[in-house]
Amino acid sequence: MLKMLLPVDGSTACNKAIVHFIQLLSWYKEVPQIHLLNVQFPLRGDVSMFISQESIREYHQEEGLKDLKETRDLLDQAGVAYQYHVTVGDAAKMIVQFATEKQCDQIVIGPRGLGSVQGVLLGSVASKLIHLSPIPVLLIK
Numbered sequence: 059m060l061k062m063l064l065p066v067d068g069s070t071a072c073n074k075a076i077v078h079f080i081q082l083l084s085w086y087k088e089v090p091q092i093h094l095l096n097v098q099f100p101l102r103g104d105v106s107m108f109i110s111q112e113s114i115r116e117y118h119q120e121e122g123l124k125d126l127k128e129t130r131d132l133l134d135q136a137g138v139a140y141q142y143h144v145t146v147g148d149a150a151k152m153i154v155q156f157a158t159e160k161q162c163d164q165i166v167i168g169p170r171g172l173g174s175v176q177g178v179l180l181g182s183v184a185s186k187l188i189h190l191s192p193i194p195v196l197l198i199k
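According to this note's numbering, the sequence shown is numbered sequentially starting from 59.
Just so you know, the hints here were simulated from the structure itself, not pulled from any lab data.
Computed from a predicted model, the values in this text were never measured in an experiment.
The C-beta atom is built at its ideal place from N, Cα and C for all residues, glycine as well.
Please note: incorrect hints may appear among the correct ones.
As the list claims (entries may be wrong) - No more than 30 Å apart at the CA atoms, straight line, and that leaves these computed lysine-lysine pairs for DSSO-like:
1) 124 - 186
2) 74 - 127
3) 74 - 186
To be verified - Each pair of labels, with its calculated beta carbon distance range:
4) 194 - 132: 15 to 25 Å
5) 197 - 132: 31 to 41 Å
6) 136 - 113: 14 to 24 Å
7) 74 - 115: 27 to 37 Å
8) 138 - 188: 40 to 50 Å
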């Protein structure tokens, strides 16, 4: 069975790509195992001096679940099974690390998300993924 990783940032572009991906599932002989991954940015500064590590972990988990909600709703409505995960760090590096650890066969991502101006033509995370990933990356517009 194919394992696919779908990084999710909660953006409109990401959810449009998910809708298109759901339509493409009929291309496969069997429905692939789908992992949703949301990568949260680490908190900056000396936040851990004032807030416990547990509170920071809970914050990242809550924010990640918010970002995953619409995608999870879309997959639930389509009757597509998935697992979801939230992690913290540099988005592109964490996506590659997760995909490698889970032995995913493909990473499926929208070409634009919540990136900065630096990724005008192709989202900065998608661009980094293409360069970093030893695993095939499918861009869905």
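To see whether the hints hold, each was checked on the structure:
1. Between the alpha carbons of residue 124 and residue 186 the distance comes to roughly 24 Å, so the proposed pair stays at or under 30 Å and holds.
2. Only pairs whose Cα atoms come within 30 Å are accepted, and residue 74 paired with residue 127 is accepted, the gap being roughly 14 Å.
3. Taking the CA atoms of residue 74 and residue 186, the gap is near 21 Å; set against the 30 Å cutoff, the hint holds.
4. Under the hint 15 to 25 Å, the C-beta atoms of residue 194 and residue 132, about 23 Å apart, fit the expected range.
5. The hinted range of 31 to 41 Å is not satisfied by residue 197 and residue 132, whose Cβ atoms lie roughly 18 Å apart.
6. In this structure the hint that residue 136 and residue 113 lie 14 to 24 Å apart at CB is violated, the actual value being about 35 Å.
7. A C-beta distance of roughly 31 Å is found between residue 74 and residue 115, which places it inside the suggested range of 27 to 37 Å.
8. Evaluation of the 40 to 50 Å hint for residue 138 and residue 188 yields a failure: the beta carbon distance comes to about 25 Å.
Taken one by one, the earlier hints fail for this structure at numbers 5, 6, 8, listed in ascending order.
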